[in-house]
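Undergrad: So the chains spell out like this:
There are 2 protein chains.
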Amino acid sequence: MSNNFARRVRKMADDTVVNTLKLASQPGIISLGGGLPNPDLFPVEFIRETVDRLIKENSHQVLQYGPTPGLPVLRASIASYLSQKWGRAVKPEQVLITTGSQQALDLVGKAFLDKSDWVLVENPSYLAALLAFNGYEVKYDTLQLKPGGIDSGELEKKLRSGKKYQFAYFIPTFQNPTGVTWNESVRRQTLALAKQHGLMIIEDDPYGELYFQSVPPASLAALDQGNTVIYLGTFSKTFCPGLRVGYLVADENTVATLTLIKQAMDLHSPSLSQALVAEYLQDQKTYHDQMEKIRVFYREKVRFMMKEMEKQFKNVASWTKPAGGLFTWMTVPGIDSRTFYHEAIKAGVSFMPGYPFYANRPDYSTLRLTFATVGEEQMKIALERLKRLIKRS
Amino acid sequence: MSNNFARRVRKMADDTVVNTLKLASQPGIISLGGGLPNPDLFPVEFIRETVDRLIKENSHQVLQYGPTPGLPVLRASIASYLSQKWGRAVKPEQVLITTGSQQALDLVGKAFLDKSDWVLVENPSYLAALLAFNGYEVKYDTLQLKPGGIDSGELEKKLRSGKKYQFAYFIPTFQNPTGVTWNESVRRQTLALAKQHGLMIIEDDPYGELYFQSVPPASLAALDQGNTVIYLGTFSKTFCPGLRVGYLVADENTVATLTLIKQAMDLHSPSLSQALVAEYLQDQKTYHDQMEKIRVFYREKVRFMMKEMEKQFKNVASWTKPAGGLFTWMTVPGIDSRTFYHEAIKAGVSFMPGYPFYANRPDYSTLRLTFATVGEEQMKIALERLKRLIKRS
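Taken in sequence, the protein lines are chains C and G.
Those letters in the first sequence? Residues 1 to 393, by the working numbering.
Those letters in the second sequence? Residues 1 to 393, by the working numbering.
Check before you lean on any hint, since a few could be wrong.
As the list makes no split between identical chains, a pair holds if one copy fits it or if it spans any two.
[To be verified] Here are the simulated lysine-lysine pairs, PhoX-like style, with alpha carbons at most 20 angstroms apart:
1. Lys146 to Lys164
2. Lys115 to Lys11
3. Lys139 to Lys115
4. Lys314 to Lys387
5. Lys311 to Lys91
6. Lys157 to Lys195
7. Lys158 to Lys195
8. Lys380 to Lys311
9. Lys380 to Lys391
10. Lys115 to Lys380
11. Lys163 to Lys195
12. Lys311 to Lys293
13. Lys139 to Lys158
14. Lys285 to Lys346
Bear in mind the hints are in silico, worked out from the structure with no lab data behind them.
Keep in mind it's a predicted model, so treat the numbers as computed, not measured.
Work the whole structure out from these sequences, hints included.
TA: Here it is in structure tokens:
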């Protein structure tokens with residue numbers, strides 16, 4: 001049967017990641033690989049009470065088929081939350097609920113990408129976004145990511161080259177995989193150039209609320225005075241990923257068309273999950289306390305990790321110092337992460353090799369580490385193991 | 001922005017259905033349109049207790065990211081349930097959990113369909129399956145659906161013609177939209193022909209458990225001794241649609257590849273929903289009682305509707321007498337359902353016009369009616385209204 005698969009499958013069915021995660025789940029291995037939020041942070045009692053009340057009082061809605069663009073109460077809650085945050089009016093009709101942010105990636109691919117179209121991405125970019133777009137057999141052009149974001153000069157050159165990009169896909173805040181955040185002037189320049197050249201931007205923002213100290217610069221969507229940006233958000237990092245509730249914000253007409261496409265993808269996202277997220281967003285105290293708890297928790301985690309990395313890797317590697325999110329990105333000159341990864345597994349530590357995050361030519365000397373999940377003692381051991389390996393190689 | 005959409009969008013963004021449903025939701029209109037299960041049948045107390053226990057005892061799993069192919073406990077429960085039902089071993093590794101059955105339709109499309117490929121479908125077929133496959137820009141060939149199923153002679157002729165079909169998509173049991181069920185000999189002949197000609201079959205079976213009197217003939221998947229059939233199931237009709245839990249059964253290798261594709265679509269389906277469905281399947285008494293309740297309920301509904309239709313439409317229309325499922329299919333010679341639908345809305349009754357269920361040339365004299373949702377008094381009024389309209393036209 002396998003000869004029967006469509007052409008696109010070759011570009012989607014790379015099992016490197018799956019195999020990597022499988023290896024990492026062997027006993028005795030300390031994993032700095034997966035980007036899972038720490039489950040001890042889930043507001044379990046709030047969820048129990050709310051879910052019980054929703055099922056008791058509203059079973060005809062929360063267990064039944066729902067509207068394709070999402071439950072009205074959730075679309076309204078998100079619109080009101082964003083209007084406040086962005087300082088500009090966002091209507092409920094501009095919000096489309098998706099089954100996690102991943103579905104939004106597949107959805108914009110399906111809506112906008114024909115075979116052999118060009119997509120512009122950061123270098124590196126989010127692996128699972130590339131996999132989603134690969135399903136539409138596209139080609140990529142990349143913009144090198146630097147400490148303050150992309151280089152708007154490089155962007156301008158590309159836009160002037162006459163090549164037609166269906167869209168640019170950017171993660172400007174606490175990027176996965178690098179942890180890099182674009183500064184405000186890069187954001188403004190990028191938006192201005194996009195408007196000038198008619199470039200549509202897909203802004204993916206799963207981590208924006210996970211800042212450690214200060215609020216990050218305004219999102220591209222917040223700065224956008226027109227319809228240049230389609231914004232993707234999620235509750236996977238700020239609430240619970242298992243609910244599979246993400247959302248997309250665009251102009252009303254675009255949302256109407258995307259709704260018809262989503263209908264053919266899964267009819268609608270889970271109703272009970274949506275109703276629960278709406279309650280969470282509306283309960284401002286719970287939301288606020290929860291976000292504070294998450295921020296403090298990750299701030300301590302990252303502080304410890306950065307201190308330890310300084311001790312261990314000072315002269316052998318470089319790495320990013322994220323101001324939020326879940327990841328740091330490490331470059332170890334001289335290693336090849338494809339083989340280095342297997343040595344690390346043998347030494348009892350795992351991470352995500354960096355190469356699958358590159359749309360075109362990979363840099364094999366990179367790795368992604370997360371500080372989100374393991375405790376201090378384990379973190380120390382894991383980094384020591386890595387250090388010994390690096391010294392040997 | 002709308003000029004920017006991909007080519008496939010033209011074939012997916014037909015808003016006839018959405019507009020139809022919108023019109024039907026106006027006050028005062030009795031709807032025989034939507035295929036929603038009756039929410040009074042949801043086992044609310046079982047769900048409340050189970051969900052509460054799952055969140056309390058297992059929050060780290062049911063609220064967290066889960067494995068892409070589905071929670072192991074649910075894959076195992078479905079495998080064991082099907083092994084018993086089909087009388088042949090089904091392994092958990094052959095089961096892939098999907099976000100409703102609709103996602104499975106999109107998934108097989110993405111996995112197997114390149115642009116301009118041929119797909120073989122019943123005439124008529126399930127509208128939302130056609131929309132999903134349209135996303136892959138395919139062409140359709142159709143097999144006329146008759147009271148006992150398709151005509152295997154017609155199938156053989158098509159297979160001998162040399163045209164290459166990527167797959168056939170069939171709903172052999174209590175079909176949506178017609179309510180037709182294939183008899184056993186059509187099933188066996190179809191399977192034999194498919195094997196002989198190397199035709200892959202996607203069997204969609206959302207209604208098989210919703211029989212009124214006797215168990216329907218074995219599914220194609222149950223009869224399949226090889227890897228000819230990919231089977232799609234769902235808990236939307238046997239439990240609750242709002243949970244968005246469906247599944248797909250295929251050989252292990254195919255499931256492994258489909259898992260990589262699903263990963264790019266939504267990472268995984270909702271964890272809490274999956275854990276809840278696993279408990280439901282494992283609690284054999286609850287499952288059995290619930291299914292009995294559903295069957296008795298719909299049996300009474302369909303009996304009443306058929307009796308009333310006999311009174312009202314005896315000499316002006318013909319319709320199917322379903323042995324299960326949610327729908328009857330009515331043919332009214334002389335009407336054009338595109339205009340007739342709007343007259344019906346004015347008269348205070350709605351249904352699904354039949355024409356969007358045809359892959360190629362529609363029959364405009366058809367409509368789909370459901371007996372699932374309205375009470376006897378309302379059903380009587382709705383059918384009387386329809387009758388008056390038909391007499392006038």
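Undergrad: If the cutoff is 20 angstroms on CA atoms, where do Lys163 and Lys195 land: within, between, both or neither? Let me know, please.
TA: within (16 angstroms within a copy, 48 angstroms between copies)
Undergrad: Give the relationship of Lys311 and Lys91 under a CA distance limit of 20 angstroms: within one copy only, between copies only, both, or neither.
TA: neither (50 angstroms within a copy, 49 angstroms between copies)
Undergrad: Is the C-alpha distance from Lys314 to Lys387 at most 20 angstroms within one copy, between copies, in both cases, or in neither?
TA: within (10 angstroms within a copy, 84 angstroms between copies)
Undergrad: State whether the alpha carbon distance between Lys285 and Lys346 is at most 20 angstroms within one copy, between copies, both, or neither.
TA: neither (46 angstroms within a copy, 48 angstroms between copies)
Undergrad: Can you tell me if Lys157 and Lys195 fall within 20 angstroms by alpha carbon in one copy, between copies, both or neither?
TA: within (15 angstroms within a copy, 56 angstroms between copies)
Undergrad: With identical chains treated as interchangeable, where does the CA-CA distance between Lys380 and Lys311 reach 20 angstroms or less: within a copy, between copies, both, or neither?
TA: So Lys380 and Lys311 pass the 20 angstroms test inside one copy only (10 angstroms; across, 80 angstroms).
Undergrad: Evaluate Lys115 and Lys11 at a C-alpha cut-off of 20 angstroms and name the case that applies: within, between, both or neither.
TA: both (12 angstroms within a copy, 16 angstroms between copies)
Undergrad: With 20 angstroms as the alpha-carbon cut-off, assign the pair Lys146 and Lys164 to within, between, both or neither.
TA: Close neither inside one copy (24 angstroms) nor across copies (50 angstroms); limit 20 angstroms.
Undergrad: Have a look at Lys311 and Lys293 and pick one of within, between, both or neither, based on CA distance no larger than 20 angstroms.
TA: Answer is neither; intra-copy 28 angstroms and inter-copy 66 angstroms both fail.
Undergrad: At 20 angstroms max between alpha carbons, let me know whether Lys158 reaches Lys195 within a copy, between copies, both or neither.
TA: For Lys158 and Lys195, the Cα distance is within 20 angstroms only inside one copy (14 angstroms; across copies 52 angstroms).
Undergrad: Is it within, between, both or neither when you check Lys139 against Lys158 at 20 angstroms Cα-Cα?
TA: The answer is within: 14 angstroms in one copy meets 20 angstroms, while 38 angstroms across copies does not.
Undergrad: With identical chains treated as interchangeable, where does the CA-CA distance between Lys115 and Lys380 reach 20 angstroms or less: within a copy, between copies, both, or neither?
TA: neither (47 angstroms within a copy, 52 angstroms between copies)
Checked against the numbered hints listed earlier, the structure breaks hints 1, 5, 10, 12, 14; every other hint is satisfied.
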